Amino acid sequence: MHDGEFDLAAAARQEMVHEGFDPDFPPGTDAQLAAVKARPAPAAMNGIRDLRHLQWSSIDNDTSRDLDQLEVAERVQAGIRVLIAIADVDSAVSSGTPIDGHAASQTTSVYTGIKTFPMLPEELSTDLTSLNEASDRLAMIVEMVVAGDGAIASSDIYRALVRNRAQLTYNAVGPWLEGTAGAPPKVTAQPELNSQIKLQDEAAQLLSRERHRLGALNIDRVEAEAILSGGRLQGINARGKNRATALIETFMIAANGVMAHTLLNAGAPSLRRVVKTPERWPRIVELAARYGETLPATADSGALNAFLERRRAADPVHFEDLSLAVVKLMGSGEYSFARPGDTNQGHFALAAHDYTHSTAPNRRFADLVTQRLMKCVLAGQAVPYSGEQLESIARNCTLRENAARKVERVMNKRIAAVALEHRIGETFAAVVTGVTPKGVFVRVLNPPVEGLLVRGQQGVDVGDQLKVKLVHTDPQLGHIDFAV
Numbered sequence: 001m002h003d004g005e006f007d008l009a010a011a012a013r014q015e016m017v018h019e020g021f022d023p024d025f026p027p028g029t030d031a032q033l034a035a036v037k038a039r040p041a042p043a044a045m046n047g048i049r050d051l052r053h054l055q056w057s058s059i060d061n062d063t064s065r066d067l068d069q070l071e072v073a074e075r076v077q078a079g080i081r082v083l084i085a086i087a088d089v090d091s092a093v094s095s096g097t098p099i100d101g102h103a104a105s106q107t108t109s110v111y112t113g114i115k116t117f118p119m120l121p122e123e124l125s126t127d128l129t130s131l132n133e134a135s136d137r138l139a140m141i142v143e144m145v146v147a148g149d150g151a152i153a154s155s156d157i158y159r160a161l162v163r164n165r166a167q168l169t170y171n172a173v174g175p176w177l178e179g180t181a182g183a184p185p186k187v188t189a190q191p192e193l194n195s196q197i198k199l200q201d202e203a204a205q206l207l208s209r210e211r212h213r214l215g216a217l218n219i220d221r222v223e224a225e226a227i228l229s230g231g232r233l234q235g236i237n238a239r240g241k242n243r244a245t246a247l248i249e250t251f252m253i254a255a256n257g258v259m260a261h262t263l264l265n266a267g268a269p270s271l272r273r274v275v276k277t278p279e280r281w282p283r284i285v286e287l288a289a290r291y292g293e294t295l296p297a298t299a300d301s302g303a304l305n306a307f308l309e310r311r312r313a314a315d316p317v318h319f320e321d322l323s324l325a326v327v328k329l330m331g332s333g334e335y336s337f338a339r340p341g342d343t344n345q346g347h348f349a350l351a352a353h354d355y356t357h358s359t360a361p362n363r364r365f366a367d368l369v370t371q372r373l374m375k376c377v378l379a380g381q382a383v384p385y386s387g388e389q390l391e392s393i394a395r396n397c398t399l400r401e402n403a404a405r406k407v408e409r410v411m412n413k414r415i416a417a418v419a420l421e422h423r424i425g426e427t428f429a430a431v432v433t434g435v436t437p438k439g440v441f442v443r444v445l446n447p448p449v450e451g452l453l454v455r456g457q458q459g460v461d462v463g464d465q466l467k468v469k470l471v472h473t474d475p476q477l478g479h480i481d482f483a484v
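Here the sequence shown is numbered in this note's numbering, starting from 1 and rising by one per residue.
What the hints contain is simulated information worked out from the structure, not anything from laboratory work. Since we're looking at a predicted model, the values are computed, not measured. Ideal Cβ placement from N, Cα and C applies to all residues, glycine included. One or more of the hints may lead you astray.
SDA-like cross-link-like pairs, simulated, lysine to any residue; straight-line CA separation at most 25 angstroms [said to hold, decoys possible]:
| hint | residue 1 | residue 2 |
| --- | --- | --- |
| 1 | LYS406 | LYS375 |
| 2 | LYS198 | ILE248 |
| 3 | LYS469 | LEU452 |
| 4 | LYS375 | ILE152 |
| 5 | LYS241 | LEU161 |
| 6 | LYS115 | PRO185 |
| 7 | LYS328 | ASP22 |
| 8 | LYS328 | ALA224 |
| 9 | LYS115 | ASP136 |
| 10 | LYS241 | ILE253 |
Simulated restraints on C-beta separations [what the hints assert, rightly or not]:
| hint | residue 1 | residue 2 | range |
| --- | --- | --- | --- |
| 11 | PRO191 | ALA289 | 51 to 59 angstroms |
| 12 | ASP461 | GLU74 | 47 to 55 angstroms |
| 13 | PRO437 | ILE227 | 50 to 58 angstroms |
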């Protein structure tokens, strides 16, 4: 498909600027990059362990080039020891440098579907600080022993030198773990990797079961993913969870929890990732009542998750829409500054009392700051930020993340409008996702896009399944209009 006269890449840049982002790196960036490139190769010394001999691998999206973490596991007497290597971005990006200043102001990479606007220059995020296959890299290691009941029996954090033996993808590993496809070629070529990934999956399953027992929400989200060729839009696909995405998500949640607890136990300040108890809990209770279910009057993540699991089993077709409604009613997460001794609000959706972001320092500034705090704790040094600075960083990270979501939401609508503009007149299966004063909204199942029902909307309600015809698209406004 040709994207015609509408320039999606230019629209993405314009939207970035509109939301207060600066897509260009500041003066001094090239000189700083040259200095990083000129450094000697990383070595294991001064408390940095050499773990390059381990069977490290990464699992990420097919197109990901900014690799933030590697994983490896081994069976021990107390359970399964899991090691997660997190890219040591701080070793290449010092505080107060031009690149650090840019990262501090932007706080996040923005993924617009058609183009990525990275927080760090690509020479760093996709190369020098990316845990690329067959490259020696410095990393922060989060080590944990997962007991048979899914509890973390012990944990440790330290610095190490690592080497990625295999860059794997969700789309290849997930179906293999689920038994619907053969092993990926890289796994077939390395017999040790076969048992290694399966051991990681076993550990992740134990961790996941325990999290959900404690009340963590198990929510399904299917997202539209642009198919690009030579930078041009070819179509859109549905991207959902599979066994591999669940494995990595579970490990990252566990690593973030270990990082938060370690900082807390050291009496250090930290940035916390918070999802507050939902203010709109009464509306969630009303939503459950539509299905004949009763939730407690006081917010309870365990009861909510039990309700969601029953709905998943009873009506898998509409479970994604229910998940989306619950996510919207819970509200978005935010960053907060926690002093030693502060009472933390925790992460409602994860049923976690202490939680931070630490596993994506190539793409999130909060994670880079957490890495710096942890390095100081490990070295017995004073942390490099004042309380006022950390409070300001937390506030800016929240504001910029919300702005990034706006950019991505607008661009997803525009991409969908461009992808469908040549299909006007076609009929699609759809489900009603919203009935609001602004109109009735429907989600087409294939491809996974949402639009406005402009004719035939009388008498329909959320959850109704319809046959709809595409009648109009507007890429500039991101509008897609359907009629029954």
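Tested hints:
| no. | hint | in the structure |
| --- | --- | --- |
| 1 | LYS406 <-> LYS375 | violated, 33 angstroms |
| 2 | LYS198 <-> ILE248 | holds, 13 angstroms |
| 3 | LYS469 <-> LEU452 | holds, 11 angstroms |
| 4 | LYS375 <-> ILE152 | holds, 22 angstroms |
| 5 | LYS241 <-> LEU161 | violated, 31 angstroms |
| 6 | LYS115 <-> PRO185 | violated, 29 angstroms |
| 7 | LYS328 <-> ASP22 | violated, 28 angstroms |
| 8 | LYS328 <-> ALA224 | holds, 18 angstroms |
| 9 | LYS115 <-> ASP136 | violated, 28 angstroms |
| 10 | LYS241 <-> ILE253 | holds, 16 angstroms |
| 11 | PRO191 <-> ALA289: 51 to 59 angstroms | holds, 54 angstroms |
| 12 | ASP461 <-> GLU74: 47 to 55 angstroms | holds, 53 angstroms |
| 13 | PRO437 <-> ILE227: 50 to 58 angstroms | violated, 35 angstroms |
This entry does not satisfy hints 1, 5, 6, 7, 9, 13, going by the numbered hints stated previously.
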